[in-house]
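Add chain B to chain A, keeping to what the hints say.
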Amino acid sequence: MANKLIGQNFVPHDVVAKVTGRAKYAEDFRAEGMVFCKLLTSPMPHAKIRSIDPSEALKMPGVLGILTADDVPQFPPPQRPILQKDEVFFIGDPILALAAVDETTAADALEKVKIEFQQLPHVLDPLDSLYPGGPNARSNGNVAAAQINLQTVKWQAGDFYDDSKLPMGKPSEEWSYGDLDAAFKASKLVIEESFVTAGYSHHSMEPRTAMAYWQGGKCFLYGSNQSHTAAVPNIARYIGIEPKDLVFIAEYCGGGFGSKIPGYPIMAVPALMSKKLNRPVMMRITRIEEYSLGTARPTFQGHVKLGFREDGRLLAADLYVVQENGPDIGGGDFRSAGNALSFVYQPTSMRFRAIPVLTNTPLRGPQRGPGENQLVPAIEPMIDKAARELKIDRVQIRKINAPDNSGKIGADQGPVTSAFIKEALDKGATMFNWEQRKQRSGQKNGNKLVGIGVGQGYHSAGSNGFDGLLRITPDGKLHVHTGVGNLGTYSHSATARVPADLLNVAWENVVIERGDSRLGLPWNSPQAGSLTASTESRTNYVAAMDLKEKLLDIAAQMLGGAAADYQLGDERVVSKADRSKAITYAQAAQKAIDLGGKYSGKEAPADINPVTKDGVQMIAGTGLVGVAKDNLPRVGVTPGLTVTFAEIELDTETGKVAIKDMLCVADCGTVLHPQGLAHQIRGGNVMGIGLAQLERHVYDPKLGIPTTVLLYQAKLPGYLDVPAEIGWGAVEKPDPQNPVGVKGVGEPPQGSGAAAITTAIADALGGHLFNRTPVSIDMILNAVNGRQQAHKPLQVNSV
Amino acid sequence: MIVKDMMPTFELYQPKQLADALSLLDRHRADGWKLAGGNDSLSWFKERIKRPKAVIDISGITELKGIRETPDGIEIGALTTLTEIERSPVIRSNYRVLADAARRVAAPQIRNTGTLGGNVSQDARCLYYRYGLPCYRAGGNTCFADTPEGVNREHALFDSDRCIAVSPSDTAPALVALDAKFVIRSTKGERVIGTEEFFIGPKVDITHLTSVQPNELVTAIRIPKTWAKAHFYFEKVADRDSWDFALVNVAAAIVVNNGTIERSRVACGGVSAVPRRLTVVEEVIQGKSQDANIAKLAGQSAVRGARPVNYNQFKVPLMANLVTRAVRDATA
Chain A
2 MANKLIGQNF
12 VPHDVVAKVT
22 GRAKYAEDFR
32 AEGMVFCKLL
42 TSPMPHAKIR
52 SIDPSEALKM
62 PGVLGILTAD
72 DVPQFPPPQR
82 PILQKDEVFF
92 IGDPILALAA
102 VDETTAADAL
112 EKVKIEFQQL
122 PHVLDPLDSL
132 YPGGPNARSN
142 GNVAAAQINL
152 QTVKWQAGDF
162 YDDSKLPMGK
172 PSEEWSYGDL
182 DAAFKASKLV
192 IEESFVTAGY
202 SHHSMEPRTA
212 MAYWQGGKCF
222 LYGSNQSHTA
232 AVPNIARYIG
242 IEPKDLVFIA
252 EYCGGGFGSK
262 IPGYPIMAVP
272 ALMSKKLNRP
282 VMMRITRIEE
292 YSLGTARPTF
302 QGHVKLGFRE
312 DGRLLAADLY
322 VVQENGPDIG
332 GGDFRSAGNA
342 LSFVYQPTSM
352 RFRAIPVLTN
362 TPLRGPQRGP
372 GENQLVPAIE
382 PMIDKAAREL
392 KIDRVQIRKI
402 NAPDNSGKIG
412 ADQGPVTSAF
422 IKEALDKGAT
432 MFNWEQRKQR
442 SGQKNGNKLV
452 GIGVGQGYHS
462 AGSNGFDGLL
472 RITPDGKLHV
482 HTGVGNLGTY
492 SHSATARVPA
502 DLLNVAWENV
512 VIERGDSRLG
522 LPWNSPQAGS
532 LTASTESRTN
542 YVAAMDLKEK
552 LLDIAAQMLG
562 GAAADYQLGD
572 ERVVSKADRS
582 KAITYAQAAQ
592 KAIDLGGKYS
602 GKEAPADINP
612 VTKDGVQMIA
622 GTGLVGVAKD
632 NLPRVGVTPG
642 LTVTFAEIEL
652 DTETGKVAIK
662 DMLCVADCGT
672 VLHPQGLAHQ
682 IRGGNVMGIG
692 LAQLERHVYD
702 PKLGIPTTVL
712 LYQAKLPGYL
722 DVPAEIGWGA
732 VEKPDPQNPV
742 GVKGVGEPPQ
752 GSGAAAITTA
762 IADALGGHLF
772 NRTPVSIDMI
782 LNAVNGRQQA
792 HKPLQVNSV
Chain B
63 MIVKDMMPTF
73 ELYQPKQLAD
83 ALSLLDRHRA
93 DGWKLAGGND
103 SLSWFKERIK
113 RPKAVIDISG
123 ITELKGIRET
133 PDGIEIGALT
143 TLTEIERSPV
153 IRSNYRVLAD
163 AARRVAAPQI
173 RNTGTLGGNV
183 SQDARCLYYR
193 YGLPCYRAGG
203 NTCFADTPEG
213 VNREHALFDS
223 DRCIAVSPSD
233 TAPALVALDA
243 KFVIRSTKGE
253 RVIGTEEFFI
263 GPKVDITHLT
273 SVQPNELVTA
283 IRIPKTWAKA
293 HFYFEKVADR
303 DSWDFALVNV
313 AAAIVVNNGT
323 IERSRVACGG
333 VSAVPRRLTV
343 VEEVIQGKSQ
353 DANIAKLAGQ
363 SAVRGARPVN
373 YNQFKVPLMA
383 NLVTRAVRDA
393 TA
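Note that the protein sequences, when read in sequence, are chains A and B.
Note that the numbering used here has the first sequence beginning at 2, numbered continuously upward.
Note that the numbering used here has the second sequence beginning at 63, numbered continuously upward.
In case anyone wonders, no lab produced these hints; they're calculated from the structure.
Be careful, since some hints might not be right.
[To be verified] DSSO-like cross-link-like pairs, simulated, lysine-lysine; straight-line CA separation at most 27 Å:
| id | chain 1 | residue 1 | chain 2 | residue 2 |
| --- | --- | --- | --- | --- |
| 1 | A | K277 | B | K66 |
| 2 | B | K66 | A | K49 |
| 3 | B | K358 | A | K86 |
| 4 | A | K113 | B | K108 |
| 5 | A | K113 | B | K287 |
| 6 | A | K276 | A | K245 |
| 7 | B | K358 | A | K703 |
| 8 | A | K582 | A | K599 |
| 9 | A | K115 | B | K108 |
| 10 | A | K445 | B | K66 |
| 11 | A | K115 | A | K703 |
| 12 | A | K25 | A | K5 |
| 13 | A | K449 | B | K358 |
| 14 | B | K112 | A | K60 |
| 15 | B | K108 | A | K703 |
| 16 | A | K703 | A | K86 |
| 17 | A | K428 | A | K400 |
For reference, chain A alone in the conformation it holds in the complex (with noise of 0.2 Å):
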């Protein structure tokens, strides 16, 4: 394979839509006779519902009916329900729907539907409600998650002694390996510091609207969505219906970044409301909604105990981490932060302890890089504190610990594919002059101080066992049928080019088939976990090699000898003995489709997904078609890693912290697109400043309720909070284990980005912890002008 694309910027087919309005996003499309719906949520944090009574609301002309939890699938408890039916956990927590001709008519008779609830005590801070006798964020427990069944779970008294310190009672997780105690005592220097990382919402852009029509017996919905195939057969079940029922049409998506992964129970409701008035309906997420109902990223409480050798080297590390999870299942972040802790610093012994909290909160979900992007900002500042104690360079301390090849994860310290992260520091300090910006760590110049940071981020970054599948028309096209989402990552397209490259496609002849059910989509990863990249082109690599071997096998019966006496040349398939020998691939495919079976689709692998099935069947028979699943071995995790460094202005007197310089690196193997790569690399460091300086939930403690629900009162980076340029680039060692050498890099840059303003922040104050994120400018002027800060050690969701 010459990479004639691979590695080559390029313009993905829909930008222009993007950037004219032209793109369709969920909202804009309409159906005959459409009406909309309007949700009713709970405006309590924790209540009973006592009773419903919409007659007056539907004695109005216009309305049309309401849908309430009894008409819609029930899931059991921690999962997240359509509509609540007894209890409502959080302020937003939806609980009716209620349709009518227009929205005006709907927000009009909601007001007039009445509800008796009986207010129940509602809690925000994990530690309350560990703590004996504090409230419950539900009537049937306070702990909940993915493996960890809803339960009551109260610690002692006695383990809250010292309000600095994370109370570390029983976990509900835990794991070890190595000899902690040994280790700790081999150690020269030891750190331990509690932490918090505050959670916060994804608003993303375009709110989960949702419009959904029955046809032919299969549920026609239009959403939000940055996956595609990976979510049909959950959107299926919130319906109540066959994946095979329910066409999905999600071509655009505005934004996601984690809480648009496997579809969401709140999209059922207009499919549903549709079945039961027999109508299309419409319903619009509002900015408040989408607050509610958009996931946030879970808080972390943690506590961590660094042990370093006098040279630097970590020999043991033990990480407590008490994760807020919102109302119900949440996310699984506190997992993912104990083995990033373990897999980025490779500890010798390590020791991981976690506890996932319900709190009367918005949804929790994964946001990008979940778990790891809490830990990092919060432990890297401490490697730092380790690095000056011990006299070690700062990058210097991160390459002592920094795996490779053969580094491990995890509780069972598993393999990885590859890792170059020390090679992504050498590159990265090089580029950014490290040795001669560091000279510069808390300068003074007049009320300014200097900080120069530096932050590593990781994140698991492929899967394999999908499937691929292409096609060749006979006007020549190659199809690349793919089932991620259009996240705004571009990768539907990226990875389209590895066929394209193998099968000697010029790009103008490549088609790329996506965002609706009906052109035939196969099984893919979620567009989520910075998998699809990797995974992707993988199930791109092996449904291109079925094609080729299609493409030689038709070659050799219509001009004659054996498969392997062909090969493939620019679009054409041509003997190898006489040149002039050759077939078109638009001749293969009209010749694949005369041949039927296994070259036209009308036959399919066993071994492909159900959904991958239903793809082929509905473009059998159309051009020569490549499908097979992802077979290929892949041992171990994929890591994604970055590094990012920044140099910062912190203003003595206002608090403020000006970003001069920010530049980041990534190990993410061969560079598939390189414009793409930057723009990940950009917008997750924009993020990260997010995470890092502005971004949290705030809520009034005594009454439940949220005070950064709109974009303005959220605080998410603004351009003049960014620096203009952030520099980038990537090792390019390519990873083993993928077809084309790629790794996944969405999520790390945020983590990084994060923790390099962290770190500066240290820097510029002399190496002053604040543990806590986002550092605002009280924080900085509190610690600078010697005043106590205003917030309690531990204290989450608050100012």
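Relative to chain A, chain B alone:
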């Protein structure tokens, strides 16, 4: 049940003449609502918290737009956009502090639609008030922010009286520094008042931040020549450098002669319900040379008497530092 984020219906009037607007305001009084750039109004409507019966959209009244030079200074039509103010050559050369303040409001899109009249008339940003709770400012009988655990990071240091919300405007302290006058019209006639009378605290009226009545309209803002080409300073500190409200802002106009401060007007926003004119600072620095020592003293005296609540203690050093910088760094 409470429903949010969906604008209710109202009667919309779009008068083209000032006289028509004034008679509409007179007719609707408390049921009417003045809409200019809409940046504050529409969010109130969408939250369904303010529900006027009649909205009088004044944005089409051309006589309220534009900047005019007068024998006494300039007159700025209330509908002049913040972008126009930011770019106005006469304001930039003579009254720069106002252009600097306008440039720091929100973000370009908002400055393109937001008007000077709207910016000084905007309502308090207290999170509880904006949530629609029945607080003092909303006509109720409690303050949710002034509690031991209340979310009060953005709140007042001075002159609180039951309500601890602050003036959110960036242009307001600049107008105080320039000793601006507000031209207010109604069907009854015209009154012209100074900033001390225009901006009001909770002691005067706890439910309003200005003294403008429902039947009245701010038509223009006049800036006298008194402070033209003085040494000016404006600085705003907010969490974000765009689309954010000031934690504290400062505006200063200082007349310096041979290095000596002859007279000054200094004001801070974000520290009380009104843009707070710092007369103590003005007295402290009068007749002194404009240097770091007097600036430091100015900063210290600015915060004397501050009564912070829990989360806004950082505003004390922040305000002191900003006033110090204003006195030290004000330039022609």
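Find the hints from earlier in the document that the structure breaks and name them by number, from lowest to highest.
3, 5, 7, 10, 12
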